[in-house]
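*Asks:* These protein sequence lines map, in sequence, to chains W and D.
Those letters in the first sequence? Residues 0 to 489, by numbering that gives the first Met the number 0.
Those letters in the second sequence? Residues 0 to 171, by numbering that gives the first Met the number 0.
Hints are computed from structural coordinates only; laboratory data are not their basis.
Since we're looking at a predicted model, the values are computed, not measured.
A few of these clues could be false.
[What the hints assert, rightly or not] Interface residues of chain D toward chain W, partial, derived using beta-carbon atoms under 7 angstroms:
id : residue
1  : Leu7
2  : Thr10
3  : Gly27
4  : Ile99
5  : Arg101
6  : Glu103
[Claimed, not checked] Just a sample of chain W residues kept apart from chain D, beta carbon distances all over 12 angstroms, derived:
id : residue
7  : Asp64
8  : Gly163
9  : Glu302
10 : Pro361
11 : Glu362
12 : Arg392
[As the list claims (entries may be wrong)] Straight-line distance between alpha carbons at most 20 angstroms, and here's what the computed EDC-like set of lysine to aspartate or glutamate pairs gives:
id : chain 1 : residue 1 : chain 2 : residue 2
13 : D       : Lys94     : W       : Glu223
14 : D       : Lys94     : W       : Glu34
15 : D       : Lys94     : W       : Asp82
16 : W       : Lys184    : W       : Asp91
17 : D       : Lys53     : D       : Glu152
18 : D       : Lys171    : W       : Glu223
19 : W       : Lys342    : W       : Asp331
Backbone N, C-alpha and C define an ideal beta-carbon position, used for all residues, glycine too.
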Amino acid sequence: MSSVAVIGAGVGGLATAIRAAVAGREVTVFEGAPEVGGKLRQLHLEGYRFDLGPSLFTWPELLTDTLAQAGRHAAPFAYTRLDRSCHYFWPDGTRLTAWSDGEQLSEEIASTFGIDPGPAMEHLARSAEGFEATRGLFLEQSLHEPSSWAPGNALRHLGKAWRGRRALPLTRRLDDWNTRAGHEKLRQLFNRYATYNGSDPYRAPAMLHVIPHLEFGMGTFAPEGGMHNIVEALHRTALNLGVTIHTSTPVERILTERGRVAGVRAAGEDHAADVVVSGADVTPTYRQLLPGHRAPERILSAESSTSGVIFYWGVRHPAPDLHLHNILWAEDYRAEFDALFQKGTIAEDPTVYINIGSRTSPEDAPAGAGNWFVMVNAPAGWETHGLDELRSRVMAKVQRMTGIDVSAHLDCEHVLTPGDIATRTGSHRGALYGPASNKPTSAFLRHRNRDRRIRGLYFVGGSVHPGGGIPLCLLSARITSELMERHDPI
Amino acid sequence: MTEEHVVLVNTLDQDQGTMEKMEAHRSGQLHRAFSVFILNSRGELLLQQRAHHKYHSGGLWTNTCCSHPRAGEDVVEAGKRRLMEEMGMKCQISKGFDFIYRSELDGGLVEHEFDHVLFGISDVAPKPNGDEVSDYRYVTFNAVRKEMAEDPERFTTWFRICFERAADHLGK
């Protein structure tokens, strides 16, 4: 059992390739796109460089630990901690800077809202406590293996979760729970963390309150040279370890023989492999690569997380009020999620996220300009009509709330819609984080990392356990690699 | 020489205990470090060439000096101490920025540092310590940029990582 075929060279696929190669396996990665990176690819446009996907870097140890597995083959990686996680802009003119330093944040909350910051800071402390109580159970192991539920292990994790229940009641809704933040605007701010995995804060469980701790407690960071250097470091490390990577080579079939994987068919050619790891979205993996096999219908029919419409704008304006991460809030945040999840459309006045990577990587934009990544939440599968109208609405909102007339300073533009995201990355309906976490049971409805029926088949990446986003993709690679060593040892 | 210890930190630069220096560089544990950049009044950067027998990166060119603070020692104070020990210079320095990097070095060692970058201006002639430094020279930022593009292997890893950021910080 020594050869592994990995489908997809995204963060999950590359990280799994590294771990499998370190374990002594012969690893081949098949990527359909012309370049590696999955959702975390880059684009060069008229003197600007844009990171196309994730823009936030948290829990950096997961990346450096992955690289460190490779010993002397590890590529170098450098990053910087940020002094603030985000700048928030409300339609009524209120602005808040989320400082990384607790004291500074506490003062900012007190002076911005004229309130005692105590409850907000306690709410953050509950996020930390909840994170520590549940990480072992929900994030760092499989939820679907009998060994995870063996008495010793399960009792240890459940005991922790039970002791942490005051910090994180498993039965409450996130929006109710966030009333404890002590101010309506802070409740909204904490609600937004549900969107970090594409969920609806007004239905999601309070469990998602562990996410703020990643930013506020463990820190936000920026890779030197931009987000794409995360992919560069993984890619170079994989190559140094002797991993073979074929780009522009889409996998067409996962080959099976008597209930076990036999390899993959890619670009019309069969490649034998003892183990197959799909870093592709779980839905197309079953629907397209495994025809004739029984698919886990209950999981594949789960509600999708949100997608987005992303405008990449080269803006020749210094925009002094805007920093690396900026949120321009919707007038009515609840209505935004009704639109996304009930009506299947983008809100009339959507929350606008603006990321300007050149704030930390100045070489990514001409002097005095910025490489703006501007995103609004969109339902997965959103049919693109009225893109021009949406652009006008977003530009008008930016002008209203920051005073900048983007259209007068626009050097270049690129746009990704849910349909483009689906086509480019294979993610089902363009959903950015696989299934949504809108129910208390959602964690259990994410697909497992090891297939139940087909032996030798594994899953990594944003659509499977433990979830979407860079940290969880890296964790899924770790979990999957551990399962591979246990169930398909060399 | 007595056994030297480095201060282990997390990614927020919070103390996590100490570890013997060589052990930290073998195991690749994140620890606190600093890099000093001294410029003369003409705006030229003072580079040092590391002594050839140093435990890693010997013979490579790098910023004015770098090392690790001791337990409980302030990074700026530690920077002043090392500037005297390595380059025989006394100079006011201040913190510019910090960054974290992980890089494999020669001889099976790993550099994994939370690096504080410190800046100072001085026209005092260096009196380098031959045990630490084999040579020194003053160069413009543009000259370094050109050399680094032509032959990056002549420079230490951390200097290559933070050079442009330092240049940006100084408006060079």
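*Asks:* Next, verify each hint and record whether it holds.
*Replies:* Hint check results:
1. Leu7: violated (13 angstroms)
2. Thr10: Given a least distance of 6 angstroms, the restraint on Thr10 of chain D holds.
3. Gly27: holds (6 angstroms)
4. Ile99: The hint holds - Ile99 of chain D has a Cβ within 7 angstroms of chain W, the shortest such distance being about 5 angstroms.
5. Arg101: holds (5 angstroms)
6. Glu103: holds (5 angstroms)
7. Asp64: violated (10 angstroms)
8. Gly163: holds (21 angstroms)
9. Glu302: holds (35 angstroms)
10. Pro361: The claim is violated: Pro361 of chain W sits with its nearest Cβ about 6 angstroms from chain D, within 12 angstroms.
11. Glu362: Per Cβ check, Glu362 of chain W is inside 12 angstroms of chain D; nearest 8 angstroms; violated.
12. Arg392: holds (36 angstroms)
13. D:Lys94 x W:Glu223: holds (19 angstroms)
14. D:Lys94 x W:Glu34: At roughly 39 angstroms apart (the allowed maximum being 20 angstroms), Glu34 of chain W and Lys94 of chain D break the hint.
15. D:Lys94 x W:Asp82: holds (15 angstroms)
16. W:Lys184 x W:Asp91: It holds: about 11 angstroms lies between the C-alpha atoms, which stays within 20 angstroms.
17. D:Lys53 x D:Glu152: Given pair Lys53 of chain D, Glu152 of chain D holds - Cα atoms ~17 angstroms apart, limit 20 angstroms.
18. D:Lys171 x W:Glu223: Holds, at roughly 18 angstroms.
19. W:Lys342 x W:Asp331: holds (15 angstroms)
Violation of the numbered hints given earlier is confined to hints 1, 7, 10, 11 and 14; the remaining hints are satisfied by the structure.
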